[in-house]
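Peer 1: Listed below are the residues making up each chain.
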Amino acid sequence: MSRENPQTQVFMINLKIRRFDPDENRSWIQKYTLEASRIMRFVDLLRKINDEQDPTLAWVSSCEHGQCGTCSMKVNGKPLLACELLVENAIYYFRTDTFYIEPLNVAPVIRDLIVDFTKAYDRVDQVKPYIIKPVLPRSEGDEFPITPQELERYVNATRCINCFCCAAACISSHETFLGPNAMLNSIVRVMDPREQEKEQRLKILYGYQGVCRCHSSRACSFVCPKEIDVAHFIALAKEGRITKLKS
Amino acid sequence: MNKRLRIDSTLECDLLIIGSGGAGLRCAVEVLESRPQSRIIAITKGLHPQKSHTSTAQGGLAAVDPKDPADKIIYHMFDTWKGSDCTADQNVVRKICQAAWEQILWLENRGMHFSRDQTGKLSKRTFGGHTLNFGESSAYRAVFEADRTGKGIMDTCWGESLKRNISFINQAIAVELLFKDDQCVGCIVFKQKEGEFIRILSRATVLATGGSGQVYKVTTNCRQNTGDGLALILQAGLPVMDPEAVQFHPTGIVGPGILASETLRSVGGILRNKDMDAFMEHYAPKMKELAPRDLVSRAIASEIRNGKGILNPDHNVEHIWIDLRHLSDAVHEKQIPEVTGFFRKYLNLDPKEELCPVHPSNHYQMGGIPTNVFGEVQDSTQKTVFGLYAVGECASASFHGFNRLGTNSILELITMGKFAGDRILAYLKDTPEKFPEAEGDISVARFSRYLESRGGDNIGQIRDEMRTLMTESVGIFRTDEGISKAIDVLKILRHRADHTALSAKSLRMNQELVQHWELDNLLAVSMVIAQAALYRRESRGAHFREDFPERKDEFNYHTLISMEQFGTVEFGSRDIDMSIYNEGGQFYDKFDVIERKY
Ligand SMILES: Cc1cc2nc3c(=O)[nH]c(=O)nc-3n(C[C@H](O)[C@H](O)[C@H](O)COP(=O)(O)OP(=O)(O)OC[C@H]3O[C@@H](n4cnc5c(N)ncnc54)[C@H](O)[C@@H]3O)c2cc1C
Ligand code: SF4
Ligand code: SF4
Numbered sequence: 001m002s003r004e005n006p007q008t009q010v011f012m013i014n015l016k017i018r019r020f021d022p023d024e025n026r027s028w029i030q031k032y033t034l035e036a037s038r039i040m041r042f043v044d045l046l047r048k049i050n051d052e053q054d055p056t057l058a059w060v061s062s063c064e065h066g067q068c069g070t071c072s073m074k075v076n077g078k079p080l081l082a083c084e085l086l087v088e089n090a091i092y093y094f095r096t097d098t099f100y101i102e103p104l105n106v107a108p109v110i111r112d113l114i115v116d117f118t119k120a121y122d123r124v125d126q127v128k129p130y131i132i133k134p135v136l137p138r139s140e141g142d143e144f145p146i147t148p149q150e151l152e153r154y155v156n157a158t159r160c161i162n163c164f165c166c167a168a169a170c171i172s173s174h175e176t177f178l179g180p181n182a183m184l185n186s187i188v189r190v191m192d193p194r195e196q197e198k199e200q201r202l203k204i205l206y207g208y209q210g211v212c213r214c215h216s217s218r219a220c221s222f223v224c225p226k227e228i229d230v231a232h233f234i235a236l237a238k239e240g241r242i243t244k245l246k247s
Numbered sequence: 248m249n250k251r252l253r254i255d256s257t258l259e260c261d262l263l264i265i266g267s268g269g270a271g272l273r274c275a276v277e278v279l280e281s282r283p284q285s286r287i288i289a290i291t292k293g294l295h296p297q298k299s300h301t302s303t304a305q306g307g308l309a310a311v312d313p314k315d316p317a318d319k320i321i322y323h324m325f326d327t328w329k330g331s332d333c334t335a336d337q338n339v340v341r342k343i344c345q346a347a348w349e350q351i352l353w354l355e356n357r358g359m360h361f362s363r364d365q366t367g368k369l370s371k372r373t374f375g376g377h378t379l380n381f382g383e384s385s386a387y388r389a390v391f392e393a394d395r396t397g398k399g400i401m402d403t404c405w406g407e408s409l410k411r412n413i414s415f416i417n418q419a420i421a422v423e424l425l426f427k428d429d430q431c432v433g434c435i436v437f438k439q440k441e442g443e444f445i446r447i448l449s450r451a452t453v454l455a456t457g458g459s460g461q462v463y464k465v466t467t468n469c470r471q472n473t474g475d476g477l478a479l480i481l482q483a484g485l486p487v488m489d490p491e492a493v494q495f496h497p498t499g500i501v502g503p504g505i506l507a508s509e510t511l512r513s514v515g516g517i518l519r520n521k522d523m524d525a526f527m528e529h530y531a532p533k534m535k536e537l538a539p540r541d542l543v544s545r546a547i548a549s550e551i552r553n554g555k556g557i558l559n560p561d562h563n564v565e566h567i568w569i570d571l572r573h574l575s576d577a578v579h580e581k582q583i584p585e586v587t588g589f590f591r592k593y594l595n596l597d598p599k600e601e602l603c604p605v606h607p608s609n610h611y612q613m614g615g616i617p618t619n620v621f622g623e624v625q626d627s628t629q630k631t632v633f634g635l636y637a638v639g640e641c642a643s644a645s646f647h648g649f650n651r652l653g654t655n656s657i658l659e660l661i662t663m664g665k666f667a668g669d670r671i672l673a674y675l676k677d678t679p680e681k682f683p684e685a686e687g688d689i690s691v692a693r694f695s696r697y698l699e700s701r702g703g704d705n706i707g708q709i710r711d712e713m714r715t716l717m718t719e720s721v722g723i724f725r726t727d728e729g730i731s732k733a734i735d736v737l738k739i740l741r742h743r744a745d746h747t748a749l750s751a752k753s754l755r756m757n758q759e760l761v762q763h764w765e766l767d768n769l770l771a772v773s774m775v776i777a778q779a780a781l782y783r784r785e786s787r788g789a790h791f792r793e794d795f796p797e798r799k800d801e802f803n804y805h806t807l808i809s810m811e812q813f814g815t816v817e818f819g820s821r822d823i824d825m826s827i828y829n830e831g832g833q834f835y836d837k838f839d840v841i842e843r844k845y
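For the protein sequence lines, the chains are A and B, in the order given.
When the count follows my numbering, it moves up by one through the first sequence with no breaks and lands on 247 for the last residue.
When the count follows my numbering, it moves up by one through the second sequence with no breaks and lands on 845 for the last residue.
Everything labelled a hint here was simulated from the structure, so no lab data went into it.
Warning: the hint list may mix true and false statements.
Claimed, not checked - Below, a list of computed lysine-lysine pairs in the BS3-like style, where the Cα atoms sit at most 27 Å apart:
1) B/Lys368 to A/Lys198
2) A/Lys119 to B/Lys440
3) A/Lys48 to B/Lys440
4) B/Lys342 to B/Lys319
5) A/Lys16 to A/Lys31
6) A/Lys133 to B/Lys368
7) B/Lys427 to B/Lys676
8) B/Lys599 to A/Lys119
9) A/Lys128 to B/Lys440
10) B/Lys342 to B/Lys630
11) A/Lys128 to B/Lys410
12) B/Lys438 to A/Lys48
13) B/Lys319 to A/Lys198
14) B/Lys592 to A/Lys226
15) B/Lys427 to A/Lys31
16) B/Lys599 to A/Lys203
17) A/Lys16 to B/Lys342
18) B/Lys535 to B/Lys521
19) A/Lys78 to B/Lys732
20) A/Lys226 to B/Lys599
21) A/Lys48 to B/Lys752
22) B/Lys533 to B/Lys799
23) B/Lys599 to B/Lys581
24) B/Lys427 to B/Lys438
25) B/Lys592 to B/Lys581
26) B/Lys592 to A/Lys48
27) A/Lys78 to B/Lys592
Working from the sequences, and respecting the hints, build out all of it.
Peer 2: Written out as structure tokens, the structure is:
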């Protein structure tokens with residue numbers, strides 16, 4: 001087999017990875033240097049390190065095409081999905097071939113790049129990401145009609161995959177704020193005409209850990225890999241513009 | 248035995264769900280809605296249930312709307328039967344197709360964000376193989392949530408489970424099923440975060456661990472799909488059904504294998520080889536690019552094999568091109584923006600200006616753990632194993648036979664999940680609330696072995712060699728010679744895996760340790776796929792034997808295969824249910840063993 005594709009370009013990449021060993025409660029930065037072709041993704045780089053240099057480096061992914069939000073991490077400070085970052089784009093975007101990789105600061109680190117997502121999700125669970133009390137369909141065996149126009153108002157908020165990139169970027173404190181993605185999960189159900197239980201919902205949304213904690217910095221919208229304008233939905237909530245569409 | 252390893256504690260529950268994807272959680276919610284006091288534990292190998300593979304299903308969910316004047320349930324049944332290459336079980340096909348619309352409404356009433364038409368009702372679209380009037384024209388039968396249908400199911404089933412206080416244990420893997428007097432009484436679970444083994448005793452246990460795509464080098468499947476459920480069943484001495492029925496999607500994006508949907512070809516995309524020849528006209532002069540999945544996959548693989556492929560140096564895989572350059576801007580922008588977005592994002596190329604590299608990608612496992620129409624697991628004599636159920640992609644009832652139609656899988660999750668839930672409710676009512684003790688020491692011994700073994704090999708490298716081997720020898724094209732050789736090499740790989748030392752001996756979040764365990768599962772699943780493929784000396788659906796290219800009536804049955812020891816297999820068979828045909832009702836002749844021609 002011949003290598004005839006002229007576009008191929010190989011880079012030497014330095015990854016400085018923040019590591020953590022729970023057995024010794026020790027944290028350090030480890031540098032790996034590896035050869036990478038231009039369209040390798042960062043998940044491929046991590047796998048290459050495991051296969052060729054260091055099988056102990058712990059990280060996690062699942063679908064590896066930006067649909068599940070498992071491989072989120074910070075690269076040179078920016079929270080992103082490692083499966084969506086290509087080597088040549090990273091070099092172009094960050095203007096360097098050295099990358100500092102660290103876990104998201106949204107929950108305790110379990111090992112290396114793996115954080116305790118169960119704990120991170122506790123904040124989403126608190127906003128009750130389901131219909132608490134559904135409106136009954138008009139008749140048995142029917143769907144509840146929702147026009148495309150009505151759906152359009154909140155459909156973008158339903159696209160959230162809980163990757164927690166926005167939560168990692170958010171400048172508001174994790175102690176007091178449930179976080180931008182938790183807010184989105186809540187806002188969806190306030191806007192969904194099938195939810196009858198609005199009172200409980202509004203109490204959480206406008207409560208002590210709710211939208212009042214947001215400083216409107218828009219960092220969340222800036223980093224969202226799904227390009228959801230999170231801050232826009234939070235702003236709508238602050239202005240009280242998320243209740244039912246007037247017909 | 249390594250003295251550090253022991254089972255730390257025991258939990259008890261009414262129902263244990265192994266695998267918190269769409270199928271597992273749909274089942275759990277069914278039980279909780281009728282019996283809210285049930286204690287249910289659901290475990291997932293991933294970071295969280297929402298990260299399960301179900302979240303990635305794109306296209307849609309097939310169901311005949313009773314209010315649709317054109318479509319009929321019998322047509323859906325026929326399409327499924329024909330698509331399966333006459334190897335699906337007709338009792339299962341009937342039950343699922345009949346229950347489909349009710350399950351769509353179940354999801355809609357619980358908040359799934361289906362796409363809507365102008366009147367506010369659920370939108371529907373066409374999908375390959377789904378027809379009106381027994382193949383006459385395309386049916387609008389797939390409901391969908393934009394290109395995120397699986398995510399809609401996952402979010403809804405997870406939300407409903409959360410609402411009903413299910414106990415989730417994330418990053419936990421089922422490593423051994425527990426039995427007492429032929430009854431399944433639970434499972435040993437390894438909690439990765441804590442590095443602990445626990446015993447979960449349960450009155451009923453559901454396997455819902457999803458697919459096994461990681462057996463192959465290029466796959467649309469997620470990283471967790473290592474065929475654990477099948478391996479657990481084999482470890483317990485129980486059989487797996489039709490493992491040789493593995494579907495390949497013709498157009499996976501080169502490298503990652505991400506699914507580039509059929510839409511690209513239906514809007515006019517042309518497949519081209521190294522010499523820019525539009526080769527499909529040599530394989531399917533009439534249907535060309537629009538021929539069925541298995542045919543197109545074989546055509547692409549033939550081109551590559553005949554030296555007409557192009558080597559992608561970035562990923563070191565050979566591929567062919569899909570040409571979308573001639574399509575109008577309107578088509579690019581309105582009809583295929585999501586899929587072409589993948590090419591932009593993962594290959595940094597512009598499909599309007601450049602050729603896009605694609606390659607067949609492993610996609611779906613039709614076979615699995617044999618169950619009856621209620622999701623109850625069967626042994627090799629087709630007796631049900633008390634207390635054990637299997638649903639979703641890891642199970643085979645069999646709704647798909649030897650070839651699955653698009654949109655039928657996520658339909659299977661929500662229907663079979665419900666049926667199993669109903670059955671479990673009855674089982675919980677009828678059986679006394681007691682928890683027979685069972686020891687379970689296979690898994691602890693296995694993990695001890697991993698920790699103690701010595702040698703210089705690398706788990707990742709062995710896995711890559713296995714995946715390449717399975718792709719080349721037990722993939723799209725299969726021959727006696729190739730498969731036999733693969734079986735020998737699998738034995739060598741297994742031997743090498745046994746002699747591979749771990750770099751770190753910690754139990755906490757030691758991914759190398761878990762990957763060693765997964766590799767053993769992948770090798771076991773690969774071995775039964777290869778053995779069953781060797782045994783079936785015919786071609787049927789996705790199983791294509793170059794040396795036996797025709798379907799043969801003498802093979803009109805489901806393969807059952809068990810493996811007590813690695814490499815030593817035992818075969819059995821299960822009849823294909825032909826109840827619709829045998830009942831002789833209206834249209835019964837459509838459900839005979841017919842030719843699969845499109
Ligand atoms: C890209 C893509 C697109 C698709 N599109 C469609 C479509 O449009 N329509 C359609 O019908 N089908 C589609 N499919 C197929 C469909 O998505 C899958 O068959 C289906 O989602 C499988 O669901 P499941 O619940 O059986 O398993 P999964 O969703 O895979 O869940 C399995 C669960 O088991 C857990 N698990 C695995 N092993 C263990 C273990 N040892 N211990 C504990 N937990 C474990 C996993 O972590 C996960 O939680 C698509 C598939 C792919 C790859
Ligand atoms: S806009 Fe609000 S929610 Fe978004 S990052 Fe800023 S403070 Fe956080
Ligand atoms: S809003 Fe965007 S960044 Fe935040 S969790 Fe959801 S998908 Fe991720």
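Peer 1: All hints, please: hold or fail.
Peer 2: Comparing the hints with the structure gives:
{"no.": "1", "hint": "B/Lys368 to A/Lys198", "in the structure": "24 Å, holds"}
{"no.": "2", "hint": "A/Lys119 to B/Lys440", "in the structure": "12 Å, holds"}
{"no.": "3", "hint": "A/Lys48 to B/Lys440", "in the structure": "23 Å, holds"}
{"no.": "4", "hint": "B/Lys342 to B/Lys319", "in the structure": "14 Å, holds"}
{"no.": "5", "hint": "A/Lys16 to A/Lys31", "in the structure": "4 Å, holds"}
{"no.": "6", "hint": "A/Lys133 to B/Lys368", "in the structure": "21 Å, holds"}
{"no.": "7", "hint": "B/Lys427 to B/Lys676", "in the structure": "20 Å, holds"}
{"no.": "8", "hint": "B/Lys599 to A/Lys119", "in the structure": "44 Å, violated"}
{"no.": "9", "hint": "A/Lys128 to B/Lys440", "in the structure": "25 Å, holds"}
{"no.": "10", "hint": "B/Lys342 to B/Lys630", "in the structure": "21 Å, holds"}
{"no.": "11", "hint": "A/Lys128 to B/Lys410", "in the structure": "7 Å, holds"}
{"no.": "12", "hint": "B/Lys438 to A/Lys48", "in the structure": "26 Å, holds"}
{"no.": "13", "hint": "B/Lys319 to A/Lys198", "in the structure": "39 Å, violated"}
{"no.": "14", "hint": "B/Lys592 to A/Lys226", "in the structure": "12 Å, holds"}
{"no.": "15", "hint": "B/Lys427 to A/Lys31", "in the structure": "51 Å, violated"}
{"no.": "16", "hint": "B/Lys599 to A/Lys203", "in the structure": "49 Å, violated"}
{"no.": "17", "hint": "A/Lys16 to B/Lys342", "in the structure": "55 Å, violated"}
{"no.": "18", "hint": "B/Lys535 to B/Lys521", "in the structure": "18 Å, holds"}
{"no.": "19", "hint": "A/Lys78 to B/Lys732", "in the structure": "48 Å, violated"}
{"no.": "20", "hint": "A/Lys226 to B/Lys599", "in the structure": "23 Å, holds"}
{"no.": "21", "hint": "A/Lys48 to B/Lys752", "in the structure": "21 Å, holds"}
{"no.": "22", "hint": "B/Lys533 to B/Lys799", "in the structure": "26 Å, holds"}
{"no.": "23", "hint": "B/Lys599 to B/Lys581", "in the structure": "13 Å, holds"}
{"no.": "24", "hint": "B/Lys427 to B/Lys438", "in the structure": "23 Å, holds"}
{"no.": "25", "hint": "B/Lys592 to B/Lys581", "in the structure": "18 Å, holds"}
{"no.": "26", "hint": "B/Lys592 to A/Lys48", "in the structure": "20 Å, holds"}
{"no.": "27", "hint": "A/Lys78 to B/Lys592", "in the structure": "18 Å, holds"}
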